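Please model the entire structure based on the sequences and the hints provided.
Chains as they are written, first to last, in numbering that gives the first Met the number 0: chain A, 0 to 273; chain B, 0 to 305.
These are calculated hints, taken from the structure and not from any lab test.
The structure presented is a predicted model; accordingly, all values stated were derived computationally and were not measured.
Some hints could be false.
What the hints assert, rightly or not - Non-contacting residues of chain A with respect to chain B, defined by C-beta distances greater than 12 angstroms in every case (computed):
#1 V89
#2 A156
#3 E163
#4 G174
#5 D177
#6 W179
#7 R183
#8 L248
Unchecked claim - Pairwise CB distance ranges (calculated):
#9 L158(B) to F60(A): 27 to 37 angstroms
#10 A169(A) to V216(B): 47 to 57 angstroms
#11 Q238(A) to R170(B): 16 to 26 angstroms
Note that CB positions come from ideal geometry on N, CA and C, so glycine has one too.
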Amino acid sequence: MAKWKRFTNRASARVGVIGVIVFLVVAGFAPLLAPYGYRVQNLNEVLQPPSRSHLLGTDEFGRDVLSRIIYGARISLAVGAIAVGIGMTVGTILGAVAGYWGGWVSLVIMGLVDVVWSFPTILLAIGFVAVLRPGLTSAMIALGLVTWPSYARMMRAQVLSLREKEFVEAAKAQGLTDWWILIRHIAPNAISPIIVLATLGMAGAILVESSLSYLGLGAQPPAPSWGAMLSSGRNFIYQAPWLTVAPGLAIMFVVLAFNLCGDALRDALDPRKT
Amino acid sequence: MRTYLIRRILLMIPVVLGVTVVVFLIIHLAPGDPVLLLVGERAPQEVYDRVKHAWGLDRPLLTQYLTFLGNILRGNFGMSIQMRRPVAELLARAIPVTLELGFSAMALAVVMGVVAGVISAVRSGSVADQATMVGALLGVSVPGFWLGQLLIVLFAIKLQWVPVSGYGGIRFLILPALAMGFADAAVTARTTRSTMLDVIKQDFVRTARAKGLSERVVIYKHALRNAMLPVVTLIGLDLGYLLGGTVVMEEVFSRPGMGRLMIQAILSRDYPVVQGCLLILAVSVALCNLLADIAYVFLDPRIRLQ
Numbered sequence: 000m001a002k003w004k005r006f007t008n009r010a011s012a013r014v015g016v017i018g019v020i021v022f023l024v025v026a027g028f029a030p031l032l033a034p035y036g037y038r039v040q041n042l043n044e045v046l047q048p049p050s051r052s053h054l055l056g057t058d059e060f061g062r063d064v065l066s067r068i069i070y071g072a073r074i075s076l077a078v079g080a081i082a083v084g085i086g087m088t089v090g091t092i093l094g095a096v097a098g099y100w101g102g103w104v105s106l107v108i109m110g111l112v113d114v115v116w117s118f119p120t121i122l123l124a125i126g127f128v129a130v131l132r133p134g135l136t137s138a139m140i141a142l143g144l145v146t147w148p149s150y151a152r153m154m155r156a157q158v159l160s161l162r163e164k165e166f167v168e169a170a171k172a173q174g175l176t177d178w179w180i181l182i183r184h185i186a187p188n189a190i191s192p193i194i195v196l197a198t199l200g201m202a203g204a205i206l207v208e209s210s211l212s213y214l215g216l217g218a219q220p221p222a223p224s225w226g227a228m229l230s231s232g233r234n235f236i237y238q239a240p241w242l243t244v245a246p247g248l249a250i251m252f253v254v255l256a257f258n259l260c261g262d263a264l265r266d267a268l269d270p271r272k273t
Numbered sequence: 000m001r002t003y004l005i006r007r008i009l010l011m012i013p014v015v016l017g018v019t020v021v022v023f024l025i026i027h028l029a030p031g032d033p034v035l036l037l038v039g040e041r042a043p044q045e046v047y048d049r050v051k052h053a054w055g056l057d058r059p060l061l062t063q064y065l066t067f068l069g070n071i072l073r074g075n076f077g078m079s080i081q082m083r084r085p086v087a088e089l090l091a092r093a094i095p096v097t098l099e100l101g102f103s104a105m106a107l108a109v110v111m112g113v114v115a116g117v118i119s120a121v122r123s124g125s126v127a128d129q130a131t132m133v134g135a136l137l138g139v140s141v142p143g144f145w146l147g148q149l150l151i152v153l154f155a156i157k158l159q160w161v162p163v164s165g166y167g168g169i170r171f172l173i174l175p176a177l178a179m180g181f182a183d184a185a186v187t188a189r190t191t192r193s194t195m196l197d198v199i200k201q202d203f204v205r206t207a208r209a210k211g212l213s214e215r216v217v218i219y220k221h222a223l224r225n226a227m228l229p230v231v232t233l234i235g236l237d238l239g240y241l242l243g244g245t246v247v248m249e250e251v252f253s254r255p256g257m258g259r260l261m262i263q264a265i266l267s268r269d270y271p272v273v274q275g276c277l278l279i280l281a282v283s284v285a286l287c288n289l290l291a292d293i294a295y296v297f298l299d300p301r302i303r304l305q
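Below, the structure is given as structure tokens:
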């Protein structure tokens, strides 16, 4: 309870949470909020600057930029959630196993962590997408596969320190099986830093996904991924500089919100500050 | 210390081997015939057979991997399907371009980041501190390629101070290095600030002040040196991250570096080039991590004198 208060007391946390909520609302209610469909072309009005009928202007096909930004939130949300979901699930399970049983199991798992760790995130994601064929699903899977090591490392460290505690000894004395102890007793205590990682991971996933679609490797046209919008905006950078502003602001806004939340969570849960 | 160093260097070998395994497997994970992926769909039968034999693709997987490894170690990275040139040649031309950007961005990031971090820590809680931290938070949240594109619109198109894109001299380097360096500077600033804050609280700083040393000497000669340790490690790791980040930035500014080479290879299914680029980049990152660890050991007298 005290930790929750510490979290909500910070102004930055409140801004972050509001930002995340706005993002979720926009993504969820996109069809209701967007003035036009994201695929609706109007070839009479290509590359129009912001105006009353098109608050953020139009792109090279006459599509309304504002609507595409709103629908784009869905893509970011989907990719972020699934990537973090995969990474967190795979990572915490492997990390817990490595931490609890140790020995050569831990050696193998941590060795795998080191190998994946040594690839820069973007590169490995690009590599995976290259193999799996560019597209939204590939991007999600690739991101999940690239991010699991940090969860594994964190979980292993947590389990290692919790494993020696008395409540574990007590549970074992009661005759509970290892898996039961792991899931019902150790995991709940280990979960807080994982949540911090997941929040920051959302921010990271959205950033990397935007890079992937900027390069043409993520969601494919006509999907209104923010990164892809920036990329095509680059082709018209002389005639339509406004196309460069909006999608980037959207990315920054969402990433900032998650970063603020993650930072505040981390500070709130930091035992050194008690 | 020597045992630590030897152990650390030895530890890199399985990691690098693991990297080669991953890169090797990529060809085999991709849907389709691996040989076709290496020679392209329109290659004549004799080329197909020759490549198949040269890379051992008619033998069991383990032999294939060993052949692959052997070829790599001899500098043979295969032939680019698209450009019909040895991959090694393409890599040799692209590497300097990437290195130039990577190092410049890192230099900028270190200078901007450390200075900002130190000022923030020394004036903790002040307006300067808060402004810097807000700036740093923005820096971490901003997509680098967007910053790059914005810089292009402002400085290259509206103000026309620098060229829009390309590779050549310093004029072509400023914007990309700034765009990349900014995000990195933000991370460095945050880390420097927090380590400096930790260090400043410690007893030896109090002693230095009690000795009557000027604040400047206290900060720069005593506190900073100790705070630099984790920052140095961070910089080493950063270099690896930067090398990966050049990928996108090269696309934005049309620089003919490894990142751009790799992207175009992916989009045109030129797998030998993709493999070569991944290999070089991943091994460089592993090397940077190693250097960072070694530097840390050398700089920390507590470990050095063990």
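Right, here's what the structure says about each hint:
1. V89: The claim holds: V89(A) sits with its nearest Cβ about 16 angstroms from chain B, beyond 12 angstroms.
2. A156: Holds, since 18 angstroms exceeds 12 angstroms.
3. E163: E163(A) is indeed farther than 12 angstroms from all Cβ atoms of chain B, at 26 angstroms.
4. G174: It holds; G174(A) is separated from chain B by about 40 angstroms at its closest Cβ, greater than 12 angstroms.
5. D177: holds, 29 angstroms
6. W179: Holds: least Cβ distance 34 angstroms, greater than 12 angstroms.
7. R183: R183(A) clear of chain B: closest Cβ-Cβ about 35 angstroms, beyond 12 angstroms.
8. L248: violated, 8 angstroms
9. L158(B) to F60(A): 27 to 37 angstroms: At roughly 30 angstroms between Cβ atoms, F60(A) and L158(B) fall inside 27 to 37 angstroms, so the hint holds.
10. A169(A) to V216(B): 47 to 57 angstroms: holds, 55 angstroms
11. Q238(A) to R170(B): 16 to 26 angstroms: holds, 24 angstroms
The earlier numbered hint that this structure contradicts is number 8, and it is the only one.
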